[in-house]
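Number of protein chains: 2
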Amino acid sequence: MALIEENPWSRRKEFLALNPAGTLPILLAEGDVPIVGATVIAEYLDETRGVLKRDRRLFAENPMDRAEIRRLVDWYLGKTESEVTRHLVRERALKPLMPDAAGGGSPDSTAIRAARANIRQHLKYTNWLAGTRHWLAGSRLTYADLAAAAAFSVLDYLGEIDWRDNAAARDWYMRVKSRPSFRPLLADRVRGLAPVSHYADLDF
Amino acid sequence: MALIEENPWSRRKEFLALNPAGTLPILLAEGDVPIVGATVIAEYLDETRGVLKRDRRLFAENPMDRAEIRRLVDWYLGKTESEVTRHLVRERALKPLMPDAAGGGSPDSTAIRAARANIRQHLKYTNWLAGTRHWLAGSRLTYADLAAAAAFSVLDYLGEIDWRDNAAARDWYMRVKSRPSFRPLLADRVRGLAPVSHYADLDF
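From first to last, the protein sequence lines stand for chains A and B. Residue numbers in the first sequence follow full-length UniProt numbering, run continuously in steps of one, and reach 204 at the last position. Residue numbers in the second sequence follow full-length UniProt numbering, run continuously in steps of one, and reach 204 at the last position.
These are calculated hints, taken from the structure and not from any lab test. Here the structure is a predicted model, which is why all the values come from computation and not from measurement. One or more of the hints may lead you astray.
Same chains, same label: a pair holds when it works inside one copy or across any pair of copies.
Unchecked claim - When the alpha-carbon atoms are kept at most 30 Å apart in a straight line, the in silico BS3-like pairs for lysine-lysine are as follows:
id	residue 1	residue 2
1	K95	K13
2	K53	K124
3	K79	K95
4	K53	K13
5	K79	K124
Using the sequences and the hints, build the whole thing.
Below, the structure written as structure tokens:
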């Protein structure tokens, strides 16, 4: 599988043909059929690959456990994204890369302040989940952990997370960071924006 | 199954215990376990009931067809909701019912205007889907049709939809409205807000 970089704000015709919503991510599956959106891709990969993975599967067997995993994926990719991550990424990481006509320019400090005020609640909830369940949806690593780690690694890169009073969340994130599948992601860099110094440290 | 009305803006303690995100809908499943969120509920109902329904199932067998259904459900419950429905419902239907402290009061005409400007695109896309596919995700009725019909019935209630130049979408919505499962919904009313005159007509 190869990674293709796309700037959704350019609204390329070929890109909109794959997904008229103009959003990422898109998986080009068998026959280059576009599978659109993170949760849709996760379900597709589980149905076509995950069911064969047994105890390494990122989803559960039981419908109620599956509902809990999906609820948490929606929490981190929906609620955390719209209350926190999207705003900080747009203002701090994307605007410097975007042309003015596409919405680039100076960061909006009001949006940054509002997003920062919301982080604490999301971190506290994650701390509670990690403290009661080991992995966020239960005793095994699932898509819920990957969704949460995606949000937190972006926020941590930007130096927006104060881990000090959230030992269970910190311990959970350290376990995610230590996994062979996650470690290469920690080497990714945003052009022109260095990560916080502890970003790639497994013990932070 | 019984329907329990909940005002999420009241943020009742018992309600937040069921869903700390404070959002609707919630299904109280076997043992009163809360299943949270429209898409999570749909997946749960399909896994526990739908698989037995054969040709009356609202989901597909094939992973790629399932991905297309999920993409469209996310379109209508995510994109249409955040670009159109949420704003018109909040400004026109909920604000008159909400206390000022919870965000009630006079409608914001800028928000209404922005939402109205976006409707046309969603209607046009639906018209294209209905014109090429009969039902929105293919040859059979699926969750994609229910998600779209949920958005459009709310907008139609509010008189926000101009069906005239979108014959295929209109014909599709007429077929949805005619179904025995959908017709009782057309009798629902928002307190203090009458629907547009053609709202419950099967031929409009």
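Hints and how they fare:
no., hint, verdict
1, K95 with K13, "within (22 Å within a copy, 39 Å between copies)"
2, K53 with K124, "neither (32 Å within a copy, 42 Å between copies)"
3, K79 with K95, "both (22 Å within a copy, 22 Å between copies)"
4, K53 with K13, "neither (37 Å within a copy, 40 Å between copies)"
5, K79 with K124, "both (14 Å within a copy, 28 Å between copies)"
The structure shown violates the earlier hints numbered 2, 4.
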